[in-house]
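Asks: Dock chain B against chain E, hints included.
2 protein chains.
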Amino acid sequence: MRIAQVAPLYESVPPRAYGATERVVSFLTEALTHAGHRVTLFATGDSTTAAELVPICPRGLWRDVDVWDTLTHHVRQLEAVAARAADFDVVHFHGDPFHFPLARRLPFAHLTTMHGQLLAADHGPLFEAFPDAPLVSISDNQRRPLPHANWRATVHHGMPLDALQFHAGRGDYLLFLGRMMGEKRPDRAIEIARRAGLPLKMAAKVHPGEVEYFRNEVEPMLRANADIVEYLGEVGGAQRAALIGNARALLFPVDWPEPFGMVMIEAMASGTPVVAWRRGAVPEVLDEGETGFIVEDVDAAVDAVARVASLDRRRCRAVFERRFDATRMAADYVAVYEGLLAR
Amino acid sequence: MRIAQVAPLYESVPPRAYGATERVVSFLTEALTHAGHRVTLFATGDSTTAAELVPICPRGLWRDVDVWDTLTHHVRQLEAVAARAADFDVVHFHGDPFHFPLARRLPFAHLTTMHGQLLAADHGPLFEAFPDAPLVSISDNQRRPLPHANWRATVHHGMPLDALQFHAGRGDYLLFLGRMMGEKRPDRAIEIARRAGLPLKMAAKVHPGEVEYFRNEVEPMLRANADIVEYLGEVGGAQRAALIGNARALLFPVDWPEPFGMVMIEAMASGTPVVAWRRGAVPEVLDEGETGFIVEDVDAAVDAVARVASLDRRRCRAVFERRFDATRMAADYVAVYEGLLAR
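In order, the protein sequences belong to chains E and B. Basically this note's numbering = 1-based index in the first sequence + 34. Basically this note's numbering = 1-based index in the second sequence + 34.
Isolated chain E (complex conformation) (with noise of 0.2 Å):
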């Protein structure tokens, strides 16, 4: 199948740290390639991919200081797409959908996966007015806001089982993972590792829009807790890895319908439990008792911290392997493209 995956173009793919849907297109494009089909990534230049990369600007958005205004370099893609229009069967699109449009009047079959949150008042008007874009979810739970929208299918996140290392050391302190954000809830991570009497290391991104928020309310918090709380800042890499796999245990105290919590199958693959509050994606995508702990409050999370020891971290791995592998996901998108294909 000739199949086009258009990236968003905040971080490269794969991103260098954070960037989830950077991550997840990654997977899904090498996934695909190595399944044999004939795959073109529309991508920041800076990626790295087996297929076609067709280059959009030279380094992910957000790491280019110049760049204010993000929607001029995701037009300058669409256009680099419908000019290739007549090489592919499929167009799979994982940014914001302005393609809509476009995509309509163009001879590809086009699929477009929801990354983020569904707003009712949004993205509910946006669905009815192209009630013939098929979408595909991330979780069950993300399509609740637009439960009748085109959806196609859910495909869960999947990654490759040689992506993270399988740690059988149960670890020493705890870790929160991701962007530095209110609905992430930092403040609960710091108090759930106080009263465990663990140490907590903290990765974690600051967007350039959320850097109030960190001075304001996480600064003092980690200034106050630097007893036990270590802030690492952006990490990547190897760094990363070995972070995620000699933890006891990964916090994801989510405050929001986390659409699917990328993090959590990091933590598995690595063989670490997840202690989650029961939010979004997180049922979904966490076994209770198997991968981790799902929990309502702190007091949960305190006695879900002292369990996790019980968990058998190979189960962990094992879960992962089953449910995540990324060729699951490539073969669960096949399907939906053949869908397509089929109408």
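Source of the hints: derived by calculation from the structure; they are not laboratory data. We put the CB at the ideal spot given by N, CA and C, even for glycine. Hints are supplied without guarantee of correctness; some may be wrong.
For the chain E half of the interface with chain B, some residues (derived, Cβ under 8 Å), not all of them [claimed, not checked]:
| id | residue |
| --- | --- |
| 1 | 100 |
| 2 | 113 |
| 3 | 130 |
| 4 | 155 |
| 5 | 160 |
| 6 | 245 |
| 7 | 247 |
Replies: Relative to chain E, chain B alone:
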């Protein structure tokens, strides 16, 4: 001529209060309709026009607390335009230029007025990717970062002659009007007023993204200068007109390359002179010694305020009528439309 006007959806057309682009689109739409063209306006549902209105959303997106992702609504708007492509000779876009890939594949002529600051790192690559997309600048100065783009004309904004009434009285206060943000330099306005020994009225919208700036920077200044400064918040309609007309002078101490500066012509229309910084389009819009004074520092601004009483308020109005009549603006645009259709 069958003309579509595609307005940004942040505010109604015309806007309730703040909203320079929506105000200009309104003036242009009404002037074109009055001139006998068949005009269709794609805008918010609470817009008011003599043209045919195609409503996209119930009200200005900035006024809708449920709206978060404004792009989704503009995507629906683009589809509404495309669905009626055969109805128009020319489609005139005023928002973010994400329509370029679709517009070049539709049968109508199209034109985009750039209403904001041009960013070389963003608009440069965009305009290079779409060398066929005709552009209009709102001042010659606005083009400076990208002088070689596909500019078809500079069209200065205009306003109906009866939009604001002439006020003959010379006024006893200074005025700061517009958006409350750092580049507009409310701090300079306060300093000028204090040194000039005149009261200052400030009527300015605080955009959601600028609340921090307002709280941290502006509010302390307002409190410290409460003896001479009156902050009125966002003001519209008759109150706004009276506020402008009764001022001694409008202060426009901008610290950025202001692409036009609509409030300057509103002041002129009311007979109120302007004291403005030599930035962006200011020297194109103001006639030094006729409609105001152009300065480069606070000393000169204080001196200018002392001299504004020497300017003839009737002369300000006369220059406005000659240079910034909406009929002139509409005629300028029709000339551009005709140029596009003649190709």
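Asks: Hint by hint, say whether it matches the structure.
Replies: Each hint tested on the structure:
Residue-level restraint check for residue 100/E holds (minimum Cβ-Cβ distance to chain B is 4 Å; threshold 8 Å). Because the beta carbon of residue 113/E sits about 4 Å from the nearest beta carbon in chain B, less than 8 Å, this interface hint is met. With a least beta-carbon distance of about 6 Å to chain B, the hint placing residue 130/E at the interface is held under the 8 Å criterion. The criterion of a C-beta within 8 Å of any C-beta in chain B is met by residue 155/E, whose closest approach is roughly 4 Å, and the hint holds.
Interface restraint check for residue 160/E: the shortest CB-CB distance to chain B comes to about 4 Å, inside 8 Å, so the restraint holds. Restraint check, residue 245/E versus chain B: the minimum CB separation of about 10 Å is more than 8 Å; hint violated. Checking residue 247/E against chain B: minimum C-beta separation of about 11 Å lies over 8 Å; hint violated.
Going down the numbered hints, you'll see the structure goes against 6, 7, while the others check out.
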